[in-house]
Amino acid sequence: MNIEKKTENGICQIFLEGRFDANTANLVEQAFKEQIQGGERHFILDLENVPFIASAGLRVILVIAKQLRSQQNGDLRISNLQPNVKKVFEISGLNNVLKIFDDHAAAMASYSQ
Amino acid sequence: MMLTFTFPVESTTLARIGEVVRETGIKAGFNEEEIGDIQLAVDEACTNTILHGLKSDPNRNFELAVEWQRHEIVICIKERGEPFELSKVKKVDIAAPLEAREIGGLGIHFIYQLMDEVDYRTEEDGLKVFRMVKRKKSASAC
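For the protein sequence lines, the chains are S and U, in the order given.
Residues in the first sequence are numbered consecutively from 1056, following the working numbering.
Residues in the second sequence are numbered consecutively from 329, following the working numbering.
I should point out that these hints are in silico values taken from the structure, not numbers from a laboratory.
Hints should not be assumed to be uniformly reliable.
[To be verified] Label pairs and their in silico Cβ distance ranges:
#  : chain 1 : residue 1 : chain 2 : residue 2 : range
1  : S       : E1072     : U       : P425      : 27 to 35 Å
2  : U       : A428      : S       : T1062     : 26 to 34 Å
3  : U       : Q397      : S       : N1104     : 33 to 41 Å
4  : S       : D1157     : U       : D444      : 27 to 35 Å
5  : U       : K383      : S       : K1088     : 41 to 49 Å
6  : S       : K1088     : U       : P386      : 25 to 33 Å
7  : S       : G1065     : U       : V446      : 39 to 47 Å
8  : U       : R388      : S       : P1138     : 47 to 55 Å
9  : U       : A423      : S       : G1093     : 30 to 38 Å
10 : S       : K1154     : U       : E430      : 18 to 26 Å
11 : S       : E1145     : U       : E445      : 45 to 53 Å
12 : S       : G1065     : U       : V457      : 46 to 54 Å
[Claimed, not checked] A short list of chain U residues far from chain S (calculated; beta carbon distances all over 12 Å):
#  : residue
13 : M329
14 : T334
15 : G409
Idealized CB from N, CA, C, for every residue including glycine.
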C-alpha cells in the first residue's frame, strides 16, 4: 500500500494505491491519525488506485469519519471509487452516510459549498 | 475441476489468495463483477480464519479448496483453529446513521450478500470447514 498526502486550501488529501484490506488497514489508519494529531480536520480519501477494499478498510473509514464528525467538527469525504469498490460501499450502506464523489475535483469543491 | 492450496498465516497471504481466486474465477467462466464478488467473500472468510480461527499464528496454515463446474464454484476454507459460531455473529444494520453504525460485522455481511450458499461445519476429526458457493448469473441454460 502506497500512501500519498497533500494539504491544499485546508483540506488534507490522502491518495491510496494498492489493496485496502486487513493487511494494509492499520497503515492507512495510522496515516489519518498522524494528520489529525497535526491539526487536520477536513479530509478527502482518494481511492482511484485502490482495486480492492475489504471490511477492514471500511472499518478504518468508518472509525475516522465518526471521529471527525462527532468530535472535531470535521469530515472525511471519498473520491474516485472503482466500480467493484463502489459496490462494496453500496452493500455496506456506507454510500448513504458518507459523501462520495466521482472525481477528486468534485470532492474538493464540496468543501467550498 | 478442483484445486487445493495451503496458505500460511502471514502478511502476503491475502493478496496471493486474491490472485488465485481471480485466476480460477476466469478459468471457471465468471464475469468481472462475479469474480470481484468471489474475491471479496473469500478475502473476508480468510481474514476471519487468520485473525480469529488461527489467532494470527505464523506457525499455522489453512487450506483453500476451489472446485468448479459449469454453473457454479464451490470454495472451502479448512483449518483446525478456534471454534466459531456463525449463527452468533451479530447482524449489521446497514441503514443506521453514521453515529450509530457499529464498527465490526461487515465481513460476514459481505459473504452472505455476495455468495449464494454459505455454511460452516466442524467435522468429526475437528477440521473446521467454511463453505461458500457462487452460481453464475451469466450462464445460459442448456
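| Distance restraint evaluation - G1065 of chain S, V457 of chain U, Cβ atoms, bounds 46 to 54 Å | Since the Cβ atoms of G1065 of chain S and V457 of chain U sit about 52 Å apart, the hinted range of 46 to 54 Å holds.
| Is it correct that the beta-carbon of T334 of chain U has no partner in chain S closer than or equal to 12 Å? | Label holds. Min Cβ-Cβ 19 Å, cutoff 12 Å.
| That 25 to 33 Å hint for K1088 of chain S and P386 of chain U (C-beta), does it hold up? | holds (26 Å)
| said: Checking a non-interface call: every C-beta of chain S should be farther than 12 Å from the C-beta of G409 of chain U. Is that right? | reply: holds (16 Å)
| Within 45 to 53 Å or not, the Cβ separation of E1145 of chain S and E445 of chain U? | violated (22 Å)
| request: Would you assess whether M329 of chain U, listed as outside the interface, keeps its beta-carbon beyond 12 Å of every beta-carbon in chain S? | output: holds (25 Å)
| Outcome for the supplied range 30 to 38 Å, where the beta carbon pair is A423 of chain U and G1093 of chain S | holds (35 Å)
| field | T1062 of chain S and A428 of chain U - C-beta distance against the hinted 26 to 34 Å | value | holds (31 Å)
| query | How does the Cβ-Cβ distance of G1065 of chain S and V446 of chain U compare with 39 to 47 Å: does it lie in that range? | reply | At roughly 46 Å between Cβ atoms, V446 of chain U and G1065 of chain S fall inside 39 to 47 Å, so the hint holds.
| Are E1072 of chain S and P425 of chain U spaced within 27 to 35 Å by their CB atoms? | holds (31 Å)
| said: Quick check: does the Cβ-Cβ distance between R388 of chain U and P1138 of chain S fall within 47 to 55 Å? | reply: violated (36 Å)
| task | Could you tell me whether the CB distance from K1154 of chain S to E430 of chain U stays inside 18 to 26 Å? | result | holds (21 Å)
Hint compliance for this structure: hints 5, 8, 11 are not met, and every other hint is.
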